[in-house]
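Trainee: Sequences listed follow chains A and B, in order. Numbered continuously in the UniProt record's numbering, the first sequence closes out at residue 1256. Numbered continuously in the UniProt record's numbering, the second sequence closes out at residue 158.
Since the hints were made in silico from the structure, they are not lab data. Glycine included, each C-beta is placed from N, C-alpha and C at the ideal position. Just so you know, not all the hints are guaranteed correct.
Stated by the list, open to error - In silico lysine-lysine, DSBU-like type, Cα no more than 30 Å apart, as pairs: (1) B:Lys117 with B:Lys39; (2) A:Lys1135 with A:Lys1161; (3) A:Lys1225 with A:Lys1256; (4) B:Lys117 with A:Lys564; (5) A:Lys838 with B:Lys117; (6) A:Lys697 with A:Lys824; (7) A:Lys1140 with A:Lys1225; (8) A:Lys1256 with A:Lys1219; (9) B:Lys39 with A:Lys566; (10) B:Lys117 with A:Lys787; (11) A:Lys566 with A:Lys899; (12) B:Lys39 with A:Lys838; (13) A:Lys1256 with A:Lys1183.
To be verified - Under 10 Å between C-beta atoms, here's a sample of chain A residues computed to sit facing chain B: (14) Ser813; (15) Arg814; (16) Ser953; (17) Leu1190.
As the list claims (entries may be wrong) - What follows is a set of in silico ranges between Cβ atoms, one per label pair, in the way DEER data are often shown: (18) B:Leu82 with A:Lys896: 39 to 49 Å; (19) A:His1122 with B:Lys39: 49 to 59 Å; (20) A:Thr1044 with B:Ile25: 37 to 47 Å.
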Amino acid sequence: MSAPAGSPHPAASARIPPKLGGAAASGAAAPAGPGPGPHQQNGPAQNQMQVPSGYGLYPQNYVAPSGHYSQGPGKMTSLPLDSQSGDYYPGLYTVPTQNVVTPNTASQQPGAQQMYGRVPPAPHVVGSALGSFQGAMSSASHLQTSASQPYSSFVNHYNSPAMYSVNSSVASQGLPSTCGHYALSAVSNASYPGVPYPSLPAGDPYRQQMLTSQSALTVRPIRESSLSGQNTAVSHPSPLPPPPSQQYQQQQSLSGYSTFSWSAPGLPSTQDNLIRNHTSQVAANNNPTNTDSLSRSVMQNVQPPKSSPVVSTVLSGASSTRPPPAAPRPAEPAASVAQPPELSQQKGMQYGEYVNNQASSAPTPLSSTSDDEEEEEEDEEAGVDSSSTTSSASPMPNSYDALEGGSYPDMLSSSASSPAPEPAPEPDPAPAPAPAVPQPSKLAKPFGYGYPALQPGYQNATTPLNSGVPPSSPGYSGFQQYAQQYPGMNQLSSSLGGLSLQSSSQPESLRPVNLTQERNILPMTPVWAPVPNLNSDLRKLNCSPDSFRCTLTNIPQTQALLNKAKLPLGLLLHPFRDLTQLPVITSNTIVRCRSCRTYINPFVSFIDQRRWKCNLCYRINDVPEEFMYNPITRSYGEPHKRPEVQNSTVEFIASSDYMLRPPQPAVYLFVLDVSHNAVEAGYLTVLCQSLLENLDKLPGDSRTRIGFMTFDSTIHFYNLQEGLSQPQMLIVSDIDDVFLPTPDSLLVNLHESKELIKDLLNALPNMFTNTRETHSALGPALQAAFKLMSPTGGRVSVFQTQLPSLGAGLLQSREDPNQRSSTKVVQHLGPATDFYKKLALDCSGQQTAVDLFLLSSQYSDLASLACISRYSAGCIYYYPSFHYMHNPSQAEKLQKDLKRYLTRKIGFEAVMRIRCTKGLSMHTFHGNFFVRSTDLLSLANINPDAGFAVQLSIEESLTDTSLVCFQTALLYTSSKGERRIRVHTLCLPVVSSLADVYAGVDVQAAICLLANMAVDRSISSSLSDARDALVNAVVDSLSAYGSTVSNLQHSALIAPSSLKLFPLYVLALLKQKAFRTGTSTRLDDRVYAMCQIKCQPLVHLMKMIHPNLYRIDRLTDEGAIHVNDRVVPQPPLQKLSAEKLTREGAFLMDCGSAFYIWIGKSCDNNFIEDVLGYPNFASIPQKMTHLPELDTLSSERARSFITWLRDNRPLSPVLHVVKDESPAKTEFFQHLIEDRTEAAFSYYEFLLHVQQQICK
Amino acid sequence: MAFTFAAFCYMLSLVLCAALIFFAIWHIIAFDELRTDFKSPIDQCNPVHALVLPEYSIHSLFCIMFLCAQEWLTLGLNVPLLFYHFWRYFHCPADSSELAYDPPVVMNADTLSYCQKEAWCKLAFYLLSFFYYLYWLRFRLGTRPVSSLHPSAQPGVW
């Protein structure tokens, strides 16, 4: 089995020295290198600084991808306009008379596009970016980062050919993500080569669009100046378009020059500037070289993505030639300190030229061209930015700054360009690592090399300043509209940013929040995962937070730092999630690192076309011949454009190397309790009905096999062999030594014996109606099932309704009902016997998973029974007080769960290996599986609803790397008998300061990991220990923050904005069924909640811990989203407190597994009538589980909202309508975790308690 | 003093101690194999289980013998480990039919490193006690143990 995982040890592969050209391996160096004290002064200065650092240090890989991405994604995602702009980049550039301006726009565009595009389609992304506390800041940061990335990419290109390749890969990446995009990109490319010039005129409109996008992003006052400049530029467009030929010439000339300069890889920024100046001058002077430039352009054209950039550069050159707009000029001078004022105009162009030159210098023509293009774009952008900045007031005339700004431009340009903010950030970098890092990255980007990886989110701080200023110019209005269109987080964040000028110097996620005074701590919109502070390219490539999250999106450099932060470090995985889009790769050779067996992924670096460097162990590997061919573009020699390198989530079809035996067929065995108790509960009817309905939908192929067993005090097998006239029941009464009566015909082919199976299913519910057998021999039945399954492996579904009372594995009742509400010791959370665990391990060894459905009205010792599923990678369902008649909601739930359970995807004989960058190690795993070795989980079955958590520890200091990566590889056999490997790769930055660690906390992931740890603690130690540990987690982290990061007075309870929900969530955990004390909780309920915590993926777990509450009697279309032609209202989240419940309202609580609609006593009769279909409150029945389909607007809205919530999760929750006076309301009210109960703190009391603890 | 019961105890201990040292080394190797991925925890833990009980019994036997021989100092040195063994034995998961090493848990980094440390500590302890027993064996056998340190002085003792 280990085959998939490969060799576990990431034996240290030889690390490549941080060379300029190639290796970029030492990411760490890059971040460290920057120490750009001077940069701080101006954007330009920063740029310079960054440049040097960037050259040497940056890992090419990172840079390149980012750059590519930015371009790609912008095109891809985005609104049509954006896409156009992306395509037209060149055109845009040309258009901009104000070269400076245009570049900004261009640069901004990508960022803006990304932002926008993402927002609508992928709320998560947006949310994360914006959402995160940074808000406006964040958006700005994104922009910056994106910009920076491109630069970095450029730099890389310059330095080494490998870089180029990277860039090219980036471009390709963007394309691959969206097929449509691809087409678009291709088209654009094609058009470009042929029609570079024509694009220019068109460019103007695009520019405007871009500007608008920028404005949305920038919104800040500082930018206004720049924007105004831009606007002017826009108006001027006609003049700008000047002859493209000239532009080309300039570029060419530049390129020639640049090659020289660039050839020296490590040139200092100053040198670069000089070079640039020269180039610009040259370009201006050297029109004759046009031919060269043209040829170049042609080359570029060949490479689709790059070609566009080239054009842009040309354009910039043209713009420079023209009379520069007033705005651009000022900027230029400021930007280019070294350069003479006249040059300033040209500078923008020069920058572009630089880029070109760099590209030209790059050895690989194709890659280089692409790189060049990107670079050019960046440069142009930079130039624009610089101009804008200058206009605004930046005194520093560093050409680099301008470049940087341009490069960042997408987003950064606005922020960076904005003179005022930039200076501050720049200085910060040196002292404060976090802020500094981002800026440097920006700076570096222009030069290309910089810190792309490291860019901290903190850079955002600068952006907030900008955001604070309202756009005065009319041109902005367009921008504003954009911003508004993307609702939610952006606006909120931006507004927040505007409010708090203080925070400008720090990322929004670090904004101190006084918890005791913040009354509405819960945001109005759902909390999204924070976006790792990576450059935009990497960010786009990064794994979706739905599949892969880390509790700290900024990984601390050392264990000591982590210990100081007092926060848990770990991963939360949802590896087999249902995906709508998944690149599946069929390839003879799956490219993996030869040393650590890591699968090739977007975060590796290509040293050159033939070699790549592993991002986990740093070994340099050869690129196999087959990998040189890209099946998507049908081109050769672009390994970086392969889908494996363009997507962080891919699936490989594995060869026979990955099999220990031929792929097993799908085998399903149902083991059913038919004792008196079970028959009484009546679950057989539901199950058989459900099975009959879904028999054809069971995942599988023609080999699928199925079998049935029933048991009470004896074990019944069913011979379903094809050819029998009816199912044959075989009874084995010797439960002490179970044997299989006929080993061959008990598991039968589903298709061949379908009629017999249907007969059996129809007969089963009535076969045992008169049984008087009350005993249950679960243990022997499981042993028999194991024997039956062991030749093939597969899935065993066990339905059990009572405590096993016979044979092996019999259990005694351990629960003392009087202790249910004890506040002291809760016992018996662990298993009473090892029988089930041992059996589960045996099952796991035979690739058999046991799924447990416990439908019991009394105590059934789930703590012991659950072991059978926990260690065999099964899943557990629990239906307390199940009765098909008396408890219809449970019956409905079982029915829905079964439907999902029977039809969902399934993977057999799976193993999952989690690898991480050298220096990190796996510490503890949480979930249902068997740990086979330090990083290998054995999963007999994998299902799409299984989540896992991993605790990490930092074994070696990460000082020599700026990025860490995590890769999970899940090798499984699909139900079709295919061996597949699903690979997820997550990339995160490393930080060295405590503040950065706090800024990157993913509070939801942290809570889920803590919950997992607390479950372990309560089993191994005691529940009260676990509760104390949870409280201590809050106390420790907040006090550590207060004493080390925040300088504010200690009398108040201060938390960074990223952690502001931490106390609330912990309180919610303490009131969760699993951990609560003082409230009557049945032991099985508690254990089941613990099982759920262990094996639920994060999204579902968060709803379980902290339900969402909405008011639904006044749904409006404001802020509504459109899903499949339906309008889905988006009511704001309410905090979980009775103070929010008004008698006049109706509220919906989304607990993940259940929905509650609470109807207030004085609820508007119109609502009751329109939505519930009853005339008034009194006539609403006590048990109502459906909303009638009424033809009223409010009913439609309510139903559409609930349907939308349901569609987002695999298990369809049951809806309960709860009247204010009904007894069921306690179910509802126990979820109002902010309120005080007789046994637990209210939220405010809890805060006081925490504060008290901190002050001790 | 000739061949007393105490001397016999030490002699037997010496031999058995060698066995314990072997067990300790075996544990170290086993856990190292686990850590380096060579074996599945299930395969690994079964033999380890087989060795745990003999080890505990042998060590308990020492203690009983030294108690009978009234070697209080030696007994005192061994009692802590004896209690530790008792504690381990009665703190096993669930129904104590299994000893100490629980396959699903043993791969937990904490547990694994704890087990390894434990094995190393025991190895050190057994090695030291081996020489300790050796010394006392000579002491109990020879009438003048001090002089026996100089073989040339009384070659006949041995």
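Trainee: Against this structure, judge whether each hint is valid.
Mentor: The hints, checked one at a time:
A distance of roughly 19 Å separates the Cα atoms of lysine 117 (chain B) and lysine 39 (chain B); the hinted pair therefore holds under the 30 Å criterion. Restraint check for lysine 1135 (chain A) and lysine 1161 (chain A): satisfied, since their Cα atoms lie roughly 20 Å apart, inside the 30 Å limit. Of the pairs offered as hints, the one joining lysine 1225 (chain A) and lysine 1256 (chain A) is violated, with about 39 Å between alpha carbons and a cut-off of 30 Å exceeded. Distance restraint check for lysine 117 (chain B) and lysine 564 (chain A): the Cα-Cα separation of roughly 26 Å lies within the 30 Å cut-off, and the hinted pair is therefore satisfied.
At roughly 26 Å between alpha-carbon atoms, lysine 838 (chain A) and lysine 117 (chain B) fall within 30 Å of each other, so this suggested pair holds. Distance restraint check for lysine 697 (chain A) and lysine 824 (chain A): the Cα-Cα separation of roughly 48 Å exceeds the 30 Å cut-off, and the hinted pair is therefore not satisfied. Taking the CA atoms of lysine 1140 (chain A) and lysine 1225 (chain A), the gap is about 15 Å. The hint holds against a cut of 30 Å. A distance of roughly 45 Å separates the Cα atoms of lysine 1256 (chain A) and lysine 1219 (chain A); the hinted pair therefore is violated under the 30 Å criterion.
At most 30 Å may separate the alpha-carbon atoms for a hinted pair to count; lysine 39 (chain B) and lysine 566 (chain A) exceed this at roughly 35 Å. Distance hint between lysine 117 (chain B) and lysine 787 (chain A) is unfulfilled; the C-alpha atoms sit about 39 Å from each other, more than 30 Å. Our distance criterion of 30 Å between C-alpha atoms is broken by lysine 566 (chain A) and lysine 899 (chain A), whose separation comes to about 43 Å. For a cut-off of 30 Å, the pair hint linking lysine 39 (chain B) to lysine 838 (chain A) stands: about 18 Å separates their Cα positions.
Distance check on the hinted pair: lysine 1256 (chain A) and lysine 1183 (chain A) sit about 50 Å apart at the alpha-carbon level, beyond 30 Å; violated. Hint on serine 813 (chain A) is violated. Least Cβ distance to chain B is approximately 17 Å, over the 10 Å limit. At a threshold of 10 Å, the smallest CB-CB gap from arginine 814 (chain A) to chain B is about 12 Å, leaving the interface hint violated. Interface hint status for serine 953 (chain A): upheld, as the beta-carbon distance to the closest one in chain B is roughly 7 Å, under 10 Å.
Interface hint at leucine 1190 (chain A): violated, since its Cβ lies 52 Å from the closest Cβ of chain B, which is beyond the 10 Å cut-off. Look at leucine 82 (chain B) against lysine 896 (chain A): about 58 Å separates their beta carbons, and that is not inside 39 to 49 Å. In this structure the supplied range 49 to 59 Å holds for histidine 1122 (chain A) paired with lysine 39 (chain B), their Cβ-Cβ distance being about 56 Å. Separated by about 45 Å at the C-beta atoms, threonine 1044 (chain A) and isoleucine 25 (chain B) satisfy the suggested range of 37 to 47 Å.
Hint compliance for this structure: hints 3, 6, 8, 9, 10, 11, 13, 14, 15, 17, 18 are broken, all remaining hints hold.
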